[in-house]
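Visitor: All chains should be modelled from the sequences, with the hints used to inform the complete structure.
Chains as they are written, first to last, in my numbering: chain A, 794 to 1191; chain B, 794 to 1191; chain C, 794 to 1191.
Don't take each hint at face value.
Copies of the same chain are indistinguishable here, so a pair counts whether it falls within one copy or spans any two.
[Unchecked claim] In silico lysine-lysine, DSBU-like type, Cα no more than 30 Å apart, as pairs:
#1 K1179 / K939
#2 K1146 / K939
#3 K997 / K1070
#4 K1085 / K1053
#5 K933 / K1085
#6 K850 / K816
#7 K1179 / K850
#8 K1146 / K933
#9 K850 / K939
#10 K1179 / K1115
#11 K1146 / K816
#12 K1053 / K997
#13 K1092 / K1179
#14 K816 / K997
#15 K1116 / K933
#16 K939 / K1085
Since the hints were made in silico from the structure, they are not lab data.
Here the structure is a predicted model, which means the values were calculated and not measured.
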Amino acid sequence: MNEFEHYLANIENATGASGLFQKDLLLTWESSPEELKTIFNIADALKYLHSNNISAKVFESGLAVSLFRDNSTRTRFSYASAANLLGLNVQDLDEGKSQIAHGETVRETANMISFLSEAIGIRDDMYLGAGDAFMREVAKSLDNGKAEGVLNQRPALVNLQSDIDHPTQTMADFLHLTHHFGSIENLQGKKIAMTWAYSPSYGKPLSVPQGVIALMARFGMNISLAYPEGYELIPEIVETTDSFAAESGGSFSMGNSMDKAFENADIVYPKSWAPYKVMEQRTGLLQQQDTKGLDDLEKSCLAQNANYVDWECSEAKMKLTKKGEALYMHCLPADISSVSCEQGEVAASVFEKYRADTYVQAGFKPFIIAAMILANRFENPQATLKHLIRRGTERIHS
Amino acid sequence: MNEFEHYLANIENATGASGLFQKDLLLTWESSPEELKTIFNIADALKYLHSNNISAKVFESGLAVSLFRDNSTRTRFSYASAANLLGLNVQDLDEGKSQIAHGETVRETANMISFLSEAIGIRDDMYLGAGDAFMREVAKSLDNGKAEGVLNQRPALVNLQSDIDHPTQTMADFLHLTHHFGSIENLQGKKIAMTWAYSPSYGKPLSVPQGVIALMARFGMNISLAYPEGYELIPEIVETTDSFAAESGGSFSMGNSMDKAFENADIVYPKSWAPYKVMEQRTGLLQQQDTKGLDDLEKSCLAQNANYVDWECSEAKMKLTKKGEALYMHCLPADISSVSCEQGEVAASVFEKYRADTYVQAGFKPFIIAAMILANRFENPQATLKHLIRRGTERIHS
Amino acid sequence: MNEFEHYLANIENATGASGLFQKDLLLTWESSPEELKTIFNIADALKYLHSNNISAKVFESGLAVSLFRDNSTRTRFSYASAANLLGLNVQDLDEGKSQIAHGETVRETANMISFLSEAIGIRDDMYLGAGDAFMREVAKSLDNGKAEGVLNQRPALVNLQSDIDHPTQTMADFLHLTHHFGSIENLQGKKIAMTWAYSPSYGKPLSVPQGVIALMARFGMNISLAYPEGYELIPEIVETTDSFAAESGGSFSMGNSMDKAFENADIVYPKSWAPYKVMEQRTGLLQQQDTKGLDDLEKSCLAQNANYVDWECSEAKMKLTKKGEALYMHCLPADISSVSCEQGEVAASVFEKYRADTYVQAGFKPFIIAAMILANRFENPQATLKHLIRRGTERIHS
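Guide: This is how it looks when you write it as structure tokens:
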């Protein structure tokens, strides 16, 4: 059985696909481990096709709408790549150039952009309490549009980062780990340190640390979350992580020491974020357009951050990890000390050692997104993938 | 004979295609009813193919240029969808990022963007007297480019809304009516009330009301145009509508009472617009960049509008229509009272009752645009459509 | 042997392809004449396929990234057309909407946008000493990404205008000449006057005049470079041109008289540019964001320019050329006296006479870009082209 057949077999065994068809994966903790495994195996199968010059075009035509309410390079290109791989054309919804300001409802816009669309990807991570809610409103509008006969098909909705989760990022992270350690099973019992790290900026979203702990807890990993006092994540997600860890035979611990988290870790993921209480305050101020309040909040937060400049992923800290050789991870771009800032999340020498690894990590994202679209739009993804390999159309004609 | 064969037969009977090949449909009143019917039937055939998962890709490659000189959501996505359905890739001409400011002529730009382009869609609706003129200059430049050997092919020019007509909108509106009432023939003798409605904004283009009356008059409908005194449309178009109605066995009447227009109507289309004399003034002020003058004009117009807040499509007004059940239409987004504004064009309860209908109405636009491109670029659209159904390529591979 | 077979035979004879595979053509003077001839013949072959309605799609999927650090119409559409012709989808990297400001390195960005990309086109012409250097950093990053296993394929990098060369422009110019005069061989001994011309603007890049003289010198042409004293090009490129002319059996002369350059010329290319010393100053001021300094520099340069308003390509000057019938060339948009400005580079009557020629000239650019991508990504372009004509897929289905 070759690599590709192995992925196909995993999809069949997982039997998770039926729960994915025409369902949006907005938060990983709403899907079962089997469903998540199905996505991973579809992503691997698509990556295999790409590497082996076999076309994965399953759509002859169709739009993939993108809506970015925040800046993006990696995710924008990942989404565009995924859409293109499957045969869709990206059409960006630029709210500044649209008539949306005109007082149009979300329900209306969602239908208007979907007549010939097969997927919609949204990034909306700025306002705590808003991004996920917005995506659910879009999802419901699409369901209604299909039910009311307005839409001929129900596009897949892809969460390209909300205020609380960043599933395309964390699932790419996880897929990277399965390749690095050999399999999903091998991750059982591995220790991952998800820690806060110092950054000279503030207001970074909570979606990555929250998404990472909640996802890794599904597959038996030992998770050490660490941050300076006051940098709490949303309590509900921490609780969810705790029970997921128990269910999967892993463990979950929290503390305020970066060193302790790094001790004997197999994987470290040091990354800055803002406390969720600050994010709540910030959301309020942004909504009130209180510039003065925002400036004051930024100043006090940066002053607060400055107490923790030693939360840097340094060579000394890496020595604490298993054999001093833990895998370093980052969602990029990292704040690299003396490269992108004076003092930041990671020492230049540490980052450079793992630089190519972080790039490889990022390279899984297009395939995770493509897998999400495929699983949402095709009832039997295994059969679809079999069809692609049998068809055997060259991606690049030779 | 199935639905699709029926559309093909209609195209043959209409024999309107020859007048469409390599001709731009910039204003519906320049085309014959047979030509318009051909577009409708091609649009229906393309919609049939889409619904039945049959690819309508007639181009293997080629660009569809878009140039939006005003905001757009629906039309932008409709154009992108239409282009994509036929196999073309949208390339947006963003005049701000181009060298056009550099003093380049329209003739030059038109050629420079067309070397490998198959269609050009333009929205230019802000200046009365300018949009249609600009499109004609582009059209002439393309004709010359083809004649001079500069261009290998002559792209189809699509009017995505000009200062005087909005054919992709009104033809989608009409196609919606043919489906709602069963056929084009069934529209003979139906009464449509095209009326002004109150809006708290000003300066809305004349292209929709003008386009609607001029198009509906071609097919034997009884048109009641109503607006408060002073909100006149361009006189020439009103005259054209009048003679079209006479020719087609319909009727045309004008008045200043919304109630009277609604009385016994089968269809109502209440929508705000600015008087054409105001649009002329506004164009002058915009061209002179007279900010003060524009502010004053806006104020006086809004004050004027405020006299007519009772021009709202309310439940009471809907009761006046045939059996109280006329079809409500709008090009969207509508100014919905207490939803998108305090007081607007339509009561929330009326809009909600017909909301799905208005979405279905909007859903015909991508197919109308695709039909326009196909009719312009393919000499025998019937044969092309036959080829598509025989080829039977799945749009989404199963 | 038909036209297409003739191009294929030329590619074989040139045996230049092996030096092009997975190499970026950033500056024409780094490629051999055989390699350049291969590009010309591939471009001609692709143009033949397009004219004869044969699809040139060699990619089933893949992105073509574009990064424009300066405005562009022609080159943007040419790149989009080229990508589309080969089957790629353009994805624009808008640095304003990305996280690049975030302190991300060029190396990182280059990898992040390339996971499923087959080509990257860059315009970076504003800063002398910066554009070409940036492209080389991108190229090196892509090489590393491939070597490190980050990238599955190494995208072709296309120079869409740097600070020192504009190869897609000058090679399109040259291809136009081969068609106008019948063949590359026929250009041997032809005189081309590359001259400065007056423009009421300043700061136009040096890439076109430098690129033109350096390229034309490879094929035995007699090059007369003329400009008012003080409007020097970069000395190294002038020296390179001089030795190229000697090697190819052509000649190169410089002077300060437009009339002398035009005398008996077969081709004239009058175009404004800024002296390289001014470009150096300007780059320094731009980097220091010295607005006052930039304003002063602009004023002094325009004053300086104003001494040379007689450097206009007038009817009188054209009479000096061979039989008064030299071919006029321009990269467009030209500053046309009394059309796009009061007094400019070319008299309206001269431009009008050659207008269609300049458009035809511009029309070669999409095919040159497509040829560059094809030669970079396909080891045996001759075989690839043979495959396309044998496959014979219609570009537009009939």
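Visitor: Cα distance capped at 30 Å. Does K933 pair with K1085 within a copy, between copies, both, or neither?
Guide: neither (37 Å within a copy, 45 Å between copies)
Visitor: With identical chains treated as interchangeable, where does the CA-CA distance between K816 and K997 reach 30 Å or less: within a copy, between copies, both, or neither?
Guide: For K816 and K997, the Cα distance is within 30 Å only inside one copy (29 Å; across copies 40 Å).
Visitor: Are the CA atoms of K939 and K1085 at most 30 Å apart within a copy, between copies, both, or neither?
Guide: So K939 and K1085 fail the 30 Å test inside a copy (45 Å) and across (48 Å) alike.
Visitor: 30 Å Cα cut-off: does K1146 pair with K816 within a copy, between copies, both or neither?
Guide: between (40 Å within a copy, 28 Å between copies)
Visitor: Could you figure out if K1146 and K933 sit no more than 30 Å apart (CA to CA) within one copy, between two copies, both or neither?
Guide: between (45 Å within a copy, 18 Å between copies)
Visitor: Is it within a copy, between copies, both, or neither that the alpha carbon of K1085 lies no farther than 30 Å from that of K1053?
Guide: neither (39 Å within a copy, 55 Å between copies)
Visitor: Indicate which option fits the pair K1179, K1115 if close means a Cα-Cα distance not exceeding 30 Å: within, between, both or neither.
Guide: neither (41 Å within a copy, 57 Å between copies)
Visitor: Since the copies are identical, ignore which copy is meant and state whether K1146 and K939 lie within 30 Å (CA to CA) inside a copy, between copies, both or neither.
Guide: Classified as between: cross-chain Cα gap 17 Å, same-chain 50 Å, threshold 30 Å.
Visitor: Evaluate K850 and K816 at a C-alpha cut-off of 30 Å and name the case that applies: within, between, both or neither.
Guide: Both. Shortest intra-copy (21 Å) and inter-copy (29 Å) distances satisfy the 30 Å Cα cut-off.
Visitor: Using 30 Å as the alpha carbon limit, work out where K1053 and K997 are close: within a copy, between copies, both or neither.
Guide: within (24 Å within a copy, 60 Å between copies)
Visitor: Which holds for K1092 with K1179 at a C-alpha limit of 30 Å: within a copy, between copies, both or neither?
Guide: neither (56 Å within a copy, 65 Å between copies)
Visitor: Given a CA cutoff of 30 Å, do K997 and K1070 count as a within-copy pair, a between-copy pair, both, or neither?
Guide: within (13 Å within a copy, 44 Å between copies)
Hint compliance for this structure: hints 4, 5, 10, 13, 15, 16 are not met, and every other hint is.
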